[in-house]
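Student: Turn these sequences into a full structure, and let the hints guide you.
First residue of the sequence shown: 4, per my numbering; consecutive thereafter.
In short, the hints are calculated from the structure, not lab data.
Each residue gets a CB set at the ideal place from its N, CA and C atoms; glycine is no exception.
Some hints could be false.
As the list claims (entries may be wrong) - Beta-carbon label-pair distances, calculated as ranges:
#1 Leu230 to Val16: 26 to 36 Å
#2 Ser210 to Arg4: 44 to 54 Å
#3 Ala218 to Glu26: 48 to 58 Å
#4 His95 to Ile216: 17 to 27 Å
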Amino acid sequence: RFATDARLKIEVVEFYDDQSGYERGLTLPLRHPSGLFDGETEAVWGLNTAYSVVEKSVTTRDYNYRTATAEMMTEQHDATGGDNTTYGEAYHYADNFLQKGDKEAAESGAFYARIRHERYLNEQAILKGQSTSSLLMPGLEIRVQGDDAPAVFRKGVLITGVTASAARDRSYELTFTAIPYSERYGYRPALIPRPVMAGTLPARVTSTVKNDIYAHIDKDGRYRVNLDFDRDTWKPGYESLWVRQSRPYAGDTYGLHLP
Numbered sequence: 004r005f006a007t008d009a010r011l012k013i014e015v016v017e018f019y020d021d022q023s024g025y026e027r028g029l030t031l032p033l034r035h036p037s038g039l040f041d042g043e044t045e046a047v048w049g050l051n052t053a054y055s056v057v058e059k060s061v062t063t064r065d066y067n068y069r070t071a072t073a074e075m076m077t078e079q080h081d082a083t084g085g086d087n088t089t090y091g092e093a094y095h096y097a098d099n100f101l102q103k104g105d106k107e108a109a110e111s112g113a114f115y116a117r118i119r120h121e122r123y124l125n126e127q128a129i130l131k132g133q134s135t136s137s138l139l140m141p142g143l144e145i146r147v148q149g150d151d152a153p154a155v156f157r158k159g160v161l162i163t164g165v166t167a168s169a170a171r172d173r174s175y176e177l178t179f180t181a182i183p184y185s186e187r188y189g190y191r192p193a194l195i196p197r198p199v200m201a202g203t204l205p206a207r208v209t210s211t212v213k214n215d216i217y218a219h220i221d222k223d224g225r226y227r228v229n230l231d232f233d234r235d236t237w238k239p240g241y242e243s244l245w246v247r248q249s250r251p252y253a254g255d256t257y258g259l260h261l262p
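Tutor: Right under this line is the structure:
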């Protein structure tokens with residue numbers, strides 16, 4: 004969210020990874036605007052809820068060729084602590100981690116399992132509504148007053164997105180999306196798709212020595228390559244990240260393998 008830095012006296016963008024960064028304390032009444040005068044009371048209306056069954060747990064696994072014998076499959080992680088409305092297990096392979104770790108160890112297998120399950124749980128209940136409050140913003144927890152309001156809104160919801168509009172003939176109004184507030188897990192935005200290269204790309208094995216008759220190979224048997232389509236100028240031997248050669252093999256009892 005955007006905030007003002009009191010020391011630097013500039014606008015800054017703040018990022019938080021857990022519930023400690025949420026804004027709290029706003030309560031709005033459930034009241035649909037009517038007529039030409041609303042009493043300048045900020046309110047919410049048009050509340051909608053949509054529920055889905057999501058995964059009960061997440062397991063991750065990876066392979067690290069440097070420590071090929073290490074156990075890299077995590078235990079099933081359930082961020083809810085036993086919610087009986089969830090179902091099934093999500094299994095993710097190759098999340099690109101080097102050790103099994105625990106759920107608090109950043110970039111470990113258990114850490115990714117926790118984050119992935121929290122992301123699934125964010126899809127369990129999608130809440131929407133409308134409001135005239137200019138205070139609504141992503142990262143804000145609000146409560147809605149009114150016996151007619153759905154129970155989930157009365158308990159507290161976390162705003163995850165807003166769309167505002169105003170015009171000369173229309174007053175300020177916004178629509179918002181939210182999820183139920185939870186102490187056990189927070190909001191996790193959708194993953195950005197990883198970039199991919201389609202097809203086969205020609206490249207040349209490089210070395211740190213000019214006109215070297217041998218490739219520059221590290222202790223793990225990796226080397227770097229210069230992709231033919233790349234027009235940039237690079238330091239010799241550093242044209243790409245480390246790559247490993249894939250050797251296809253076949254046999255009369257196990258078919259064709261492309262590792």
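Student: Quick check on a hinted range of 48 to 58 Å for Ala218 and Glu26, using CB atoms only.
Tutor: 55 Å, holds
Student: Take the C-beta atom of Ser210 and the C-beta atom of Arg4, compute their distance, and say whether it sits inside 44 to 54 Å.
Tutor: 49 Å, holds
Student: State, for the Cβ atoms of His95 and Ile216, whether the hinted interval 17 to 27 Å holds or is violated.
Tutor: 43 Å, violated
Student: Determine whether the Cβ-Cβ distance between Leu230 and Val16 falls within the hinted range of 26 to 36 Å.
Tutor: 35 Å, holds
Hint 4 from the earlier list is the only one contradicted by this structure; the remaining hints agree with it.
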